[in-house]
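Q: Chain by chain, the residues run as shown.
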Amino acid sequence: MLKDITLGQYFPGNSVIHRMDPRFKIICTVLFIVMLFAGNSLWTLVIGAVFVVMAQLLSRIPLKMSWKSLKPILPILVFTAVLNLLFIADDNILWQWKFIKITMGGVHTSVFMIVRIVLLITGSSLLTYTTSPILLTDAIESLMNPLKKIKFPVHEMAMMMSIALRFIPTLIEETDKIMSAQKARGASLDSGKMMERIRALIPILIPLFVSAFRRAEELATAMECRCYRGGEGRTRLRQLRAAPRDYIAFVICMLFTAASVTVNILFK
Amino acid sequence: MALLQTEGLTYTYSAGTPFEKTAVDHVTLTIEENTMCGVIGHTGSGKSTLMQHFNGLLKPTEGKVLLDGQNIWADKARMRDVRFQVGLVFQYPEYQLFEETVYKDIAFGPRNMGLSDDEIKHRVLASADALGLSRDMLKRSPFALSGGQKRRAAIAGVIAMRPRLLILDEPCAGLDPKGRALMLRQIRDYQRNSKSTVLLVSHSMEDVAEFTEKLLVMSKSKLFCFDDTPKVFRRAEELSALGLRVPQIASVMGELRKRGIDLPQDLYTVEAARDALLGLLRKEAV
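Chains L and Z, in that order, give the protein sequences. Per my numbering, the very first residue in the first sequence carries number 1; after that it's consecutive. Per my numbering, the very first residue in the second sequence carries number 1; after that it's consecutive.
Just chain L, with the same shape it has in the complex:
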C-alpha cells in the first residue's frame, strides 16, 4: 500500500533534543559535519562517535530508527568500502591474488570511511527525527533571513516548502483512492510489458494532476480570502525562541568541533 511510504521521518517525542530550537539544531548539525570532516585521524572518529552516542541517548530515539535511516545507504557503504579496499595501494601488502592487492592502507581507509559515513548518517538523521517538518521549514526561513538583503524571496520559498510538505500525505491518499477506483474498472497496474505499464499510469496521473491543480486553486483562493500577501509584516503562530539549553548545546558542539580540529593539528 502507498500509505506505508513515510516522507519526512519525524519521530515525535519530548526529549531535550526535541525541545531544542530548530535553528540551533541545524547549526549544530552543520558543526557536527565539520567535526567529522576536520581531519583524517582516528581521534576525529572517536570525537564524532562520542558526540553521536551522546545525542542519540539524549534524544531517546530508538536505535531501530537509526538503523532504518542507514538501510538505504548500505549499498553505497559496501561500494565505497570495496573500492577503497581494492584501489588504495601501499607497501604493506596483506593479501595478493594476481593483480588484486589488499593493503593495510586500503583496510584502514575503508574502515575509516564506513565509520565516518555511518556516523554522518546517524548523527544528521537525528535532526529530522527530532524536528517536525514544519519547524524545520520555519528554522530554514529564519536562518536564510539575511538573504533577503539580496532580494532572495526567503518567505516565499519557506511557504512553498511548508505547502509541499503539507500536501504530500494528501496526495498520497488521493493517489491511493484513484488507483483503487481504476483497479475496480479492471486497470492492471502491476503486470504487462514496460510500455503497457507506462500506459497504465495515464488513468492515474491525469486525475491526480487534475485534482492537484484543483486543490492548488482552492488553496490560493482560501489564502487570498484571508488577505495573505506574503511575508512582509506577518506575525507567527510559532515563535522561535532560543532558550539557555540551546546556547549550552551550541557551546558543547563548538567544543567538540574545536577538539576535533586541534587534535588533528596536534597529531598530524
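Hints are not guaranteed to be accurate.
Lysine-lysine pairs mimicking BS3-like chemistry, simulated, CA-CA at most 30 Å apart [unchecked claim]:
id, chain 1, residue 1, chain 2, residue 2
1, Z, K121, L, K177
2, Z, K121, Z, K104
3, Z, K104, L, K193
None of these hints come from the bench; they were simulated from the model.
Add chain Z to chain L, keeping to what the hints say.
A: This is chain Z only, laid out in the frame that chain L set:
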C-alpha cells in the same frame, strides 16, 4: 441464489503497530441475486472498508469472501474477473475521469474486459442511457461537464461492465435534492432492468427507506443486522441506541400510533404514510 458471501470477514488496519484498528470485525453475510440493498452506518463504522473487500481491493486479515461460492482470493489470476463482476463506485467518483471524451471514459472498463468494439459501443450507449447522458455529451470532454453529469459519467463507466453486483458508495453526496431523486430513480430502474444486485451506501434513511428492499446496518466495525428494510425499521429503538435514526416520517407515524391513532406498522415512506392517513380521514368522514 447467493451471489456473494462473507465468512468471518475481519480487516485490521496497520496491524502490529500502535495505530492498529479493526475496521471490520467478523462479518458473516450472504447477498442474494437481484436485490436492491441499502448499507447504512455511521462514518467510520466500517462500511467503506467492507465494500472494498467485495471486489478484492482489500484482502481480509481473517475470513473469506466468496463469489458464487468460490473464495475470490483462491486464484489471483481470477481477480480481474471478480472486479468485472463486482463493480465498485467510490465516493465522488467524478475525480477518477481521465479520458478525452466521456465515451472513451465509459468504455475504459469494457475495453479492459477485452470486448469487441461493437459490444463496447452497445454497452457504452446503454449505460449512458440508463443514467440519462445524451449522445451529444458522450463526445465532450468529461472535464467540460457539470458536477452532476461528471458523476453520472463515472457511474456509467462502472455500469458498462455489467457487474452482477454493483456497489455505490454515497452516489448522491453533494447533489441537490432534485439531482438526488433522479439519480436514485435511475439506479433503481437500472437494478430492475438488469436484474443485478445493487448495494447502495447512504447516510440518508429516507433514501434507503424509499429505494431498498434489504438493509445492511454496520455499527462499530460489526454487522448489526442485514434484513428486509421494514424489519430493520421495526427495531427503531435499537437503531437510535446506535445513534442512527429511522426516517423522519416513521418517527412521526410511531408517535401518532403511541397516541392511539390506528395506523399500521411499517410506514416509513412519505407515500405510504400519506395513503394511510388519507385512508383514516376518509373512514372518519364516512
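Q: Mind checking the alpha carbons of K121 of chain Z and K104 of chain Z for me, to see if they're no more than 30 Å apart?
A: holds, 10 Å
Q: Does K121 of chain Z pair with K177 of chain L here, judged by a C-alpha cut-off of 30 Å?
A: holds, 28 Å
Q: Going straight from one Cα to the other, do K104 of chain Z and K193 of chain L come out at no more than 30 Å?
A: Roughly 23 Å separates the two Cα atoms, so the pair holds.
In summary, the structure agrees with every hint in the numbered list given earlier.
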